[in-house]
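*Asks:* Going down the list, the protein sequences come from chains W and Y.
1 is the number of the first residue of the first sequence in my numbering; add one for each residue after it.
1 is the number of the first residue of the second sequence in my numbering; add one for each residue after it.
Errors might be hidden in some of the hints.
To be clear about the criterion: a stretch of chain W counts as covered by chain Y if any three or more of its residues have a C-beta under 8 Å from a C-beta of chain Y, and this derived list gives those stretches [to be verified]:
1) 32–44
2) 73–85
3) 91–98
4) 108–121
Covered, in the sense of this in silico footprint (three residues per stretch, anywhere, with C-beta under 8 Å from a C-beta of chain W), are these stretches of chain Y [said to hold, decoys possible]:
5) 121–128
6) 143–156
7) 165–173
Treat the hints as calculated values from the structure; they're not laboratory data.
Note that the Cβ used here is the ideal one computed from N, Cα and C, for glycine as well.
There are 2 protein chains.
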Amino acid sequence: MFLLNQLVSTRKKIKGQLANALTLINLGLGITAIMFILQGSIWYGFLFIALAALFDRFDGMVARKMKIESELGKQLDSLSDLVSFGVAPALLVQQATLMPLSFVGGLAVVLFILCGALRLARFNITDSPNEFIGLPITAAGCIVAFSTLFTEQLPATFYVIFMICLSGLMISNIRVKKV
Amino acid sequence: MFLLNQLVSTRKKIKGQLANALTLINLGLGITAIMFILQGSIWYGFLFIALAALFDRFDGMVARKMKIESELGKQLDSLSDLVSFGVAPALLVQQATLMPLSFVGGLAVVLFILCGALRLARFNITDSPNEFIGLPITAAGCIVAFSTLFTEQLPATFYVIFMICLSGLMISNIRVKKV
Chain W
1 MFLLNQLVST RKKIKGQLAN ALTLINLGLG ITAIMFILQG SIWYGFLFIA LAALFDRFDG
61 MVARKMKIES ELGKQLDSLS DLVSFGVAPA LLVQQATLMP LSFVGGLAVV LFILCGALRL
121 ARFNITDSPN EFIGLPITAA GCIVAFSTLF TEQLPATFYV IFMICLSGLM ISNIRVKKV
Chain Y
1 MFLLNQLVST RKKIKGQLAN ALTLINLGLG ITAIMFILQG SIWYGFLFIA LAALFDRFDG
61 MVARKMKIES ELGKQLDSLS DLVSFGVAPA LLVQQATLMP LSFVGGLAVV LFILCGALRL
121 ARFNITDSPN EFIGLPITAA GCIVAFSTLF TEQLPATFYV IFMICLSGLM ISNIRVKKV
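So that you can see chain W by itself, here it is in the shape it has in the complex (with noise of 0.2 Å):
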């Protein structure tokens, strides 16, 4: 009987914690896109991002038809958010093509994370269930990211006025519905 009762309690606690496993599972892959960014390859660096919104995708579709969000999970995706979809796919843009520009890259880098992280600090105080207020981070970084695929097709200065757009759209007022 106590068996069973400690049974079905860590079968709780592991379901409690499901969501934010694959929060942080997200954060890892962001971390690992970054180190490879680090070493230059550029396509792993993608790789990485994109499976990181894979399992962002996932954890809180789980929270929610598990029933088992919570505050932690809701601050640690915001953290995990910022590194994953701010900082790699800014760093994988800098690596491909911003090189040559030096500072004025180097400012549409910080430009766009500092952006990213107005708009998920806003995010986390506003209780907005329906729609999202300004482009989302995830969705941001993932099309900064896929950007890189056309490199050799696009000039860098693109790419910079590219990451101020998108930065003023992170933290506009634009309504985006929630999918």
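Assemble chain Y onto chain W, guided by the hints.
*Replies:* Here is chain Y on its own, set in the frame of chain W:
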């Protein structure tokens, strides 16, 4: 009279956002540190993490002194801390000494940032005015960054063990008095 009112209102707004502006400068310095690390400039990476720590010390102080503490400020602070004292110092150690360890070094980097994120998420949902629970990520990040000054004297494996210990301390229940 209208102009005076406008001036007073603008002054209040600027005062209200001063702490958040300092937090964003902290984040900007952390991102700049990462960009230097990306280019292999260990010394500049260390310098910018130290500058970020200086601004991190200021923002909380300003918010408390001017009584402009806000929920947005708290969220922004955590997001900035993860980048400036989690991601940046871990990458600094990786670039400075862990590269030859490959997988094991990468694991230590991931563990350090994951534990930092868990520490920050827990901090955001607990209300403990006089003490920190678990080693603050700011302290852990600064210690790790400072330790890279001794990479010629210490073996890479020391850094792996050191980062694992600090990771454990961040998610532990030890209590650190706020100063």
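*Asks:* Hints the structure violates: just list their numbers, smallest first.
*Replies:* As far as the earlier hints go, 6 and 7 are violated by this structure, in ascending order.
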